[in-house]
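> Fit the two chains together into the complex; they arrive one by one in their own frames, and the hints show the way.
Order-wise, the sequence lines are chains A and B. Residues 1 to 287 (the working numbering) make up the first sequence, in order. Residues 1 to 333 (the working numbering) make up the second sequence, in order.
Since the hints were derived computationally from the structure, they do not count as laboratory data. Hints may be right or wrong, so weigh each one.
So the derived list for chain A, only partly shown, Cβ under 7 Å to chain B, looks like this [as the list claims (entries may be wrong)]:
1. Val-36
2. Ser-87
3. Gly-91
4. Leu-103
5. Leu-105
6. Phe-112
7. Leu-224
8. Phe-227
9. Val-262
10. Asp-265
11. Leu-271
12. Phe-272
13. Gly-274
14. Phe-275
15. Leu-276
Here are the in silico distance ranges between beta carbons for each label pair [said to hold, decoys possible]:
16. Ile-169(B) x Gly-154(A): 57 to 65 Å
17. Leu-83(B) x Gly-154(A): 33 to 41 Å
18. Asn-34(A) x Ser-155(B): 47 to 55 Å
This structure is a prediction, so every number in the text was calculated from the model and none was measured. For every residue, glycine included, the Cβ atom is placed at its ideal position computed from N, Cα and C.
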Amino acid sequence: MSSILVQVIVGGLLLGAVYALFSSGLTLIWGMMNIVNFAHGDFVMLAMYVAFVVWKLFGGGPLAGAPAAALVLATLGVIVYFGLIRSIMKGPMLAQILGTFGLALLLRYAAFWYFGANFLSLPENLVGGTFDVFGIRIEASRLLAGVVALIVTGGLHFLLTRTALGSRMLAVSEDSAAAQLMGIRPDTMQAIAWAIAAGVTGIAGALIATFFYVVPTVGETLGLIAFVTVSLGGFGSVPGALVAGLLIGVIESLSAYWIGAVYKDIVVYALFLGFLWFRPQGLMGKS
Amino acid sequence: MRTMPRWLWPSVALALVIAYPLLFSTPFLQRLGALILLYAIAASAWNIVGGYAGQVSVGHVVFFGCGAYAAMGAYAHFALSPLVGIPVGIAASVAIAAVIGVPTLRLSGHYFSMATIAVAELVRLIVSNTDYLGAGVGLSGPTVPRNVFDLSFISALPYYYLFLTVLVITLGITWWMADSRMGFYLRAIRDSERAARSLGAPASRVKLYAFMLSAGLTSVAGTLYATMFGFVDPESGLGILISVKMLIMAALGGAGLLFGPLVGAAILVPLEEISNNLLGGNGAGLTFIVYGAIIVLIARFQPGGILTLIKRLWAKRHKAPDISTAAGASHAP
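So that you can see chain B by itself, here it is in the shape it has in the complex (with noise of 0.2 Å):
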């Protein structure tokens, strides 16, 4: 196994990863694979600071909210690109985690996981409220797109190709970040904060940039979300379901491990489409039961998610020395 370059395994599920549209070439697998990658983008942000920090944010939606505002309010009010909510909704975005993270990262994680919930409640309350954000109606993007700026496809696929190459460079992002010396003290942080601050590390810094990085990363799904669906409402855009998916995606597919939420979006976006399509408007309610047992059964019986099994089995079987198999403990594919 050894002999077998590292590489090797990435390369064959990119490739197929970039076939997987013209392998399944109907529309509604086209679109599931679209969704796929755009909640993997936003369960892969989340999971920068919920996994590699270990900072439970349970308010993720209000980024996202920012992101999708800023590219539909950048063209309902000044005729722009949604491409322009990009920028604007990063900028946002990193200064709210800002004003959550300086007080709460330095307090214990469950202020911090409490924070976050407040402010995005506090943010869907003040939009539905603002009649210049559409308050309760919301805004709508282009209807017939001006230019190729404009995002708006018929076809999923090209949707498709423009999310792998975010969540690719998404992931480039967290992997250069988990390798880097913040990697290091985010994981020494996770395993014994007190033990990290005394050694020097500055732990309410590394766990404050790790969650601005995240913000702005979540933002740009918004925005992707916005262009994909040409319109946002605070149901959509901050409701707290979304923070609920980014979470447990992230969670079941392994949080802190580079492509655990990839996989639990490859998993739970066809279950809840899927549902959703069999069951019309009561498979909501019961999807969201099965994601509830889902979540209470990962933190009850396998808290490192799918991927952190799969490796426990795979050392198991081959008797290798235990690897590290704590949630996340491990942090490179």
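If we strip away everything but chain A, and leave its shape as in the complex, we get (with noise of 0.2 Å):
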């Protein structure tokens, strides 16, 4: 393999660990409440704003956009489940589907309205440049962005697989009824799945934000991309959403190269189109 396509390969994984981190966001909350957050990819939008704001006024970089953004979009998320979500759940998926993607629409062009719909971007030098690895350049705020990436995705498995607080979050999702009767107070477990479902996203955004351009249309991108994650990883599967958030790094970083830059996305979509068709419970998902 030639030096070039190993560079490409390893940029496509960089770049999946951050499409497998908010995907992960997404597949949580579907998982556990069976809705699917149309306004997912709005939510990446917005925390890439908040890292902008936060070096815009303070001159901070990632690290300390992420925990402002994980902590506005954390924000967010609970007000979005009290307000919104709690009863839209119980009525007809007409009714969540628009509930969701009205919010997109709301904060797509809330932030155009603020921010107008000019492309901004982080300086490229606020995380240090580039460097070889064995004759391979990498840029030092892809690295950062994926290893930041991979350890938050970690965590949060660990977080919902390994602790009490994810055992209850599972509780709610399989019978909400019977964990109330085992004293888990349903509205508080998903209260708090939206939480950290919106804070890792915020995370997620604030670390594109050092290498991706910030524009208010973004979301659509995201959001698109975050679906073709989970679908691709199965619903509900933080692993899932890792493997496949990686695969399509990879693939979108390789039908660039091949194919040129305007063809990546289209490459992804037919793909999700493909699995709809012969796999549509994804590659780790219950069947």
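Written as structure tokens, this is what we have:
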């Protein structure tokens, strides 16, 4: 393999780790409450703007931006849960989709109205330039993003499978009435799930902002990537989202390298539709 | 009340709609009327699958785009009348609907919604990079009409009556469908798909038929749009905001109700035109903030839309036994 191909694949893996991180927020909500958050991509967009504002006002890099974005987004998640999700969850399918879809529009055009349609970006040298590893050039910002994303995704998986909180959340998602009889409050657990899901999405958004342009409509593309990742990985599965995220990152990078950058999204969406035809439960989902 | 013939109010309303452009004859109001009818056609077409079948398509613009591109393509490449776009667009739309619907309508509704978004984005990206379809620039229709079949008029009046005719046909088809065996299946499926399936309703197939019917009618709306504006590009023919408009108009008026989309269009189209006129370019962003807020509020408080709300209030006032007021539970006017 030529070194440039290795470089493309490594770049894809690092990008894929971030995809995995923001998709795990979506998959958590879907798996637990059977609700698809159509505003998920716009949550990422909002986090990117938070990171941008943190840099603009305080000169802070992603180490300041990511916690700030996590905090803002987690708060938003809780507000959205209590203000909207709790009541539409019991409603018809149409209300569920309309509710989060309307939220997406609201966030997207509020950002458009406040920040304008210009492409903003953080300075390239905010996270130290590039360096060589065995002849492969890696941008420090992408490396940081990829590594942090892997750590947070791993932490999320640990939280869901190895802690008391995780077990309680699982209990609510399995049978909310039975969980309530065992002294678990479904409402609290679901609000926590929204806070966690939106919080990790916030971290992911702040990380992406270090190497990606920031624009109100960026959530459209990123939201679709999250859908593709989640459906590829299997709904509700964080490890599935990780594998699928890495895979999509690599496929995107390779198709950008081989066919051309404009076609990378076309390849990913076509892959998504192919999967819906032949394996709708995803790579790791239950059928 | 029971002695009043059922057709009285619809006939009065139809007479008013026919007389509208003659009563309000300024170009702005005639154009506004034509646009309301055009969006009502698209939203009514969406309503067949989104309201009656309860499958929320968020990528309906792809069918709208098929019709619009077929019309402009017929003129630009073969010098044919844009009307040729109607059969071509319908054929393409029904085929695409089958490709999306066959795998996803077996699954839960969320998959269908996501697949429709993905297809719409996929098609938009492909068309934006295809020179034959005008890539990012788009395709134009005839600048000077060669004959009446080019459907290129300066006044909005002919468009108004053309759109009205198509809307009446669309609503007629919807009514006929809702009243047929298929309509009964759809209502049963929407209330409980599992129960309907266990009683032998061919759920996947009926939903697919509704989707294909809806796709074909949406394509006609796209063709009409392109002939009126004489132009289509990826933004105006395939942008996701057009899907959003169909969805929100149907939901605001009342999804799954025959006249819901028309009511929604009659409220939202003037709102958008006025805010665009008052606020200029910045208005577009603000308009969609309002749209987003409206959608959230409908979902949160009144998923059945305005018509359901009116029906409920009406029933309360007349102390009639509570008529079915669930989201789109009633099907006929």
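> Which hints, by number, does the structure contradict?
11, 13, 14, 17
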